[in-house]
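Enquirer: Sequence:
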Amino acid sequence: MAAEQENAGNLKRKLAKLFQLSLEATVPGEPDIEPLVAACTGKFGDYQCNNAMGLWSKIKGRPGIEFRGPPAVGQAIMKNLPQSEMIESCSVAGPGFVNVVLSKNWMAQNIQKMLVDGIETWAPKLSIKRAVVDFSSPNIAKEMHVGHLRSTIIGDTLASMLEFSNVEVLRRNHVGDWGTQFGMLIEFLFEKFPNFEDVNETAIGDLQAFYKESKQRFDVDAEFKDRAQKAVVRLQSGEQMYRKAWTQICDISRREFDQVYQRLGVHLEEKGESFYNPYIPGVIEALTNQGLVEESKGARVIFIEGINIPLIVVKSDGGYNYASTDMTALWYRLNEEKAEWIIYVTDVGQQQHFDMVFKAAKRAGWLPADDRQYPKTNHVGFGLVLGEDGKRFRTRSTEVVRLADLLDEAKTRSKAALIERGKAAEWTEEELEQTAEAVGYGAVKYADLKNNRLTNYTFDFDQMLNDKGNTAVYLLYAHARICSIIRKSGKDTGELKKTGKIVLDHADERVLGLHLLQFAEVVEEACTNLLPNVLCEYLYNLSENYTRFYSNCQVVGSAEETSRLLLCEATAVVMRKCFFLLVRETLQGETLKSYVCTVAVLGVDEAFHILDQETVQKLIDAFEIVGETEAAAAAAEPDAAAELDAAAEGGDIGDEGAGAAADEGYSWSFFYRVLTKPFHFPRLSLYLSTLTPTVT
1 MAAEQENAGN LKRKLAKLFQ LSLEATVPGE PDIEPLVAAC TGKFGDYQCN
51 NAMGLWSKIK GRPGIEFRGP PAVGQAIMKN LPQSEMIESC SVAGPGFVNV
101 VLSKNWMAQN IQKMLVDGIE TWAPKLSIKR AVVDFSSPNI AKEMHVGHLR
151 STIIGDTLAS MLEFSNVEVL RRNHVGDWGT QFGMLIEFLF EKFPNFEDVN
201 ETAIGDLQAF YKESKQRFDV DAEFKDRAQK AVVRLQSGEQ MYRKAWTQIC
251 DISRREFDQV YQRLGVHLEE KGESFYNPYI PGVIEALTNQ GLVEESKGAR
301 VIFIEGINIP LIVVKSDGGY NYASTDMTAL WYRLNEEKAE WIIYVTDVGQ
351 QQHFDMVFKA AKRAGWLPAD DRQYPKTNHV GFGLVLGEDG KRFRTRSTEV
401 VRLADLLDEA KTRSKAALIE RGKAAEWTEE ELEQTAEAVG YGAVKYADLK
451 NNRLTNYTFD FDQMLNDKGN TAVYLLYAHA RICSIIRKSG KDTGELKKTG
501 KIVLDHADER VLGLHLLQFA EVVEEACTNL LPNVLCEYLY NLSENYTRFY
551 SNCQVVGSAE ETSRLLLCEA TAVVMRKCFF LLVRETLQGE TLKSYVCTVA
601 VLGVDEAFHI LDQETVQKLI DAFEIVGETE AAAAAAEPDA AAELDAAAEG
651 GDIGDEGAGA AADEGYSWSF FYRVLTKPFH FPRLSLYLST LTPTVT
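The sequence shown: position 445 = 445 (the UniProt record's numbering), numbered continuously.
Don't read these hints as lab results, they were simulated from the structure. Don't be surprised by glycine CBs; every beta carbon is placed ideally from N, CA and C. Do not take every clue at face value.
Between beta-carbon pairs, the in silico distance windows are [as the list claims (entries may be wrong)]:
#1 LYS488 <-> LYS129: 40 to 50 Å
#2 VAL511 <-> SER84: 14 to 24 Å
#3 GLY282 <-> GLY118: 12 to 22 Å
#4 ARG13 <-> VAL511: 20 to 30 Å
#5 ARG548 <-> GLU269: 35 to 45 Å
#6 GLN20 <-> GLY390: 47 to 57 Å
#7 ASN552 <-> ILE128: 38 to 48 Å
When you get a sec, could you build the whole thing from the sequences and use the hints?
Expert: Structure below.
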């Protein structure tokens with residue numbers, strides 16, 4: 001029996017293992033030789049091993065060394081390379097570069113295997129099991145602003161890529177829910193609303209304005225300031241009335257945060273500053289017992305080598321601060337949550353603070369001295385969001401842009417663009433609103449992620465919603481074209497991938513195939529270097545490679561139709577996974593919401609094609625329930641039930657309708673017409689979700 005073929009995985013890593021064996025055979029006993037393998041962009045090959053020059057510089061002049069220069073070392077490396085079905089040929093160029101051409105048959109087989117086994121088989125395999133990603137982290141009683149956008153989007157994407165790479169990710173929202181500011185907020189709440197327990201967000205109104213009013217009183221009213229400072233002490237000592245008021249303020253603020261997260265499709269678990277507060281004294285005591293904490297100007301500090309200022313862990317008044325909390329949170333994540341990698345996503349302005357925290361943790365023995373070893377920490381800094389004037393993005397009144405307002409405008413502009421493009425002619429207002437949200441929010445997220453996070457970027461709605469260039473809208477169109485080609489072929493790719501065969505004989509077929517196979521190494525690179533833009537660049541280049549393939553390789557009606565349809569399907573699968581990792585938007589029809597979102601940009605024909613079989617089965621089940629339980633259906637949504645009955649009788653779905661409804665398989669035409677003609681999406685979604693909770 002033939003051995004089961006191994007999944008392609010990370011091509012660079014696979015080749016590195018082969019070159020590791022070759023290097024060990026070329027210079028036996030030479031320690032610490034790490035294979036240097038990189039993808040090629042030239043005409044010599046697909047990958048290149050660049051060890052020859054470095055290895056020559058280490059071994060030249062040694063007794064018994066017969067090599068006469070880097071080219072000879074390269075030849076030896078090539079000669080000692082183990083045979084592998086993935087390699088078609090090798091050659092040596094220049095100063096010993098070993099170029100590798102992959103086997104097109106091996107490439108084709110692995111692409112087809114992915115189609116059968118699923119894209120998850122291409123997921124990277126990282127060496128860690130659990131990570132913490134600390135991101136978003138707004139302050140209670142302050143509204144989320146544009147500055148939180150980058151942390152939220154970047155952190156969510158990093159978490160998604162790690163999760164795809166089989167890492168358990170603890171998504172942490174380290175909200176600012178503790179500190180001296182709560183004294184003034186609580187006193188202002190008592191003053192303004194004596195019956196504060198009945199207060200809600202409607203009564204308080206704008207929470208940001210509430211914060212500003214309390215701050216103004218604190219700054220100018222000495223008596224109020226004194227009460228506020230005493231309120232902090234009472235809160236921290238656990239007095240019930242003050243704890244209730246604090247909880248009330250936090251809950252109101254938290255509900256506003258959750259609305260933003262829901263709009264962005266972001267999921268986090270809140271563990272704010274208050275969570276770690278009970279642990280702080282013990283952590284400070286342990287650090288003190290280790291001799292790390294010293295007195296300085298009345299405060300208790302940790303001195304960090306190479307940094308002029310100390311890390312203050314207890315203030316001169318005996319209170320705790322950000323460093324106290326962050327040191328304790330790090331201790332908790334390492335010791336209680338057993339995280340191997342802890343990632344903090346904040347603006348670059350906090351780089352020094354976290355650098356000091358990490359170095360203090362190394363002094364305490366919590367982290368290894370070598371940053372390449374685990375457990376480890378990373379600060380993921382990011383630049384500013386700029387306006388079109390090149391300055392920090394603000395409103396016309398120079399206020400920081402509220403994130404909710406920014407998302408509102410993204411939706412409004414997206415809606416206008418959809419109407420202008422004629423995509424919304426047959427939609428209800430509710431459908432249009434829902435679609436505008438999905439497209440608008442996705443465009444905002446992708447526009448942020450495609451930039452190197454370390455740089456500032458200009459926030460430009462017109463560019464974000466452009467259907468040309470490296471934008472989410474353009475990539476949706478690219479995906480639409482692929483789905484349209486598959487649909488128009490009339491072939492079932494689900495069957496083709498089981499019985500057909502991919503060939504990569506044309507140069508553009510091969511280029512596309514190689515790019516598809518590099519998906520895993522790109523995701524791993526984006527994870528390892530914490531740079532989501534690497535995956536964005538890959539996705540855009542994938543769409544460009546597909547365009548060249550389609551321009552030069554006829555698909556439908558060609559002798560290679562089956563192979564090329566499977567290449568189309570593989571491209572669509574990888575694109576959909578990229579979209580999910582980057583903007584958490586599914587294009588697979590896994591939900592009815594994703595179906596109508598895709599319709600927004602692609603049009604009904606293209607979007608309908610990508611409903612997967614699981615979703616189709618859910619719809620079949622729902623329609624069967626309708627036939628069996630008419631009373632329940634009518635009670636669930638009377639208008640929709642009546643329309644469905646009429647459609648099933650052949651009224652709105654034409655001559656095919658009655659036969660299709662009665663047919664055991666339910667033809668595609670039936671679903672197409674039922675979903676797009678007699679029903680409006682929100683009503684159908686409500687109806688189906690009432691009958692079958694798994695359909696959302």
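Enquirer: Work down the list of hints and note, for each, if the structure agrees.
Expert: Now for the hints, and whether the structure bears them out:
1. LYS488 <-> LYS129: 40 to 50 Å: For LYS129 against LYS488, whose Cβ atoms are near 45 Å apart, the range 40 to 50 Å holds.
2. VAL511 <-> SER84: 14 to 24 Å: 21 Å, holds
3. GLY282 <-> GLY118: 12 to 22 Å: 46 Å, violated
4. ARG13 <-> VAL511: 20 to 30 Å: 21 Å, holds
5. ARG548 <-> GLU269: 35 to 45 Å: 44 Å, holds
6. GLN20 <-> GLY390: 47 to 57 Å: 49 Å, holds
7. ASN552 <-> ILE128: 38 to 48 Å: Roughly 42 Å apart at Cβ, these two residues keep to the hinted range, so it holds.
The structure fails to meet hint 3 from the earlier list, while all remaining hints are met.
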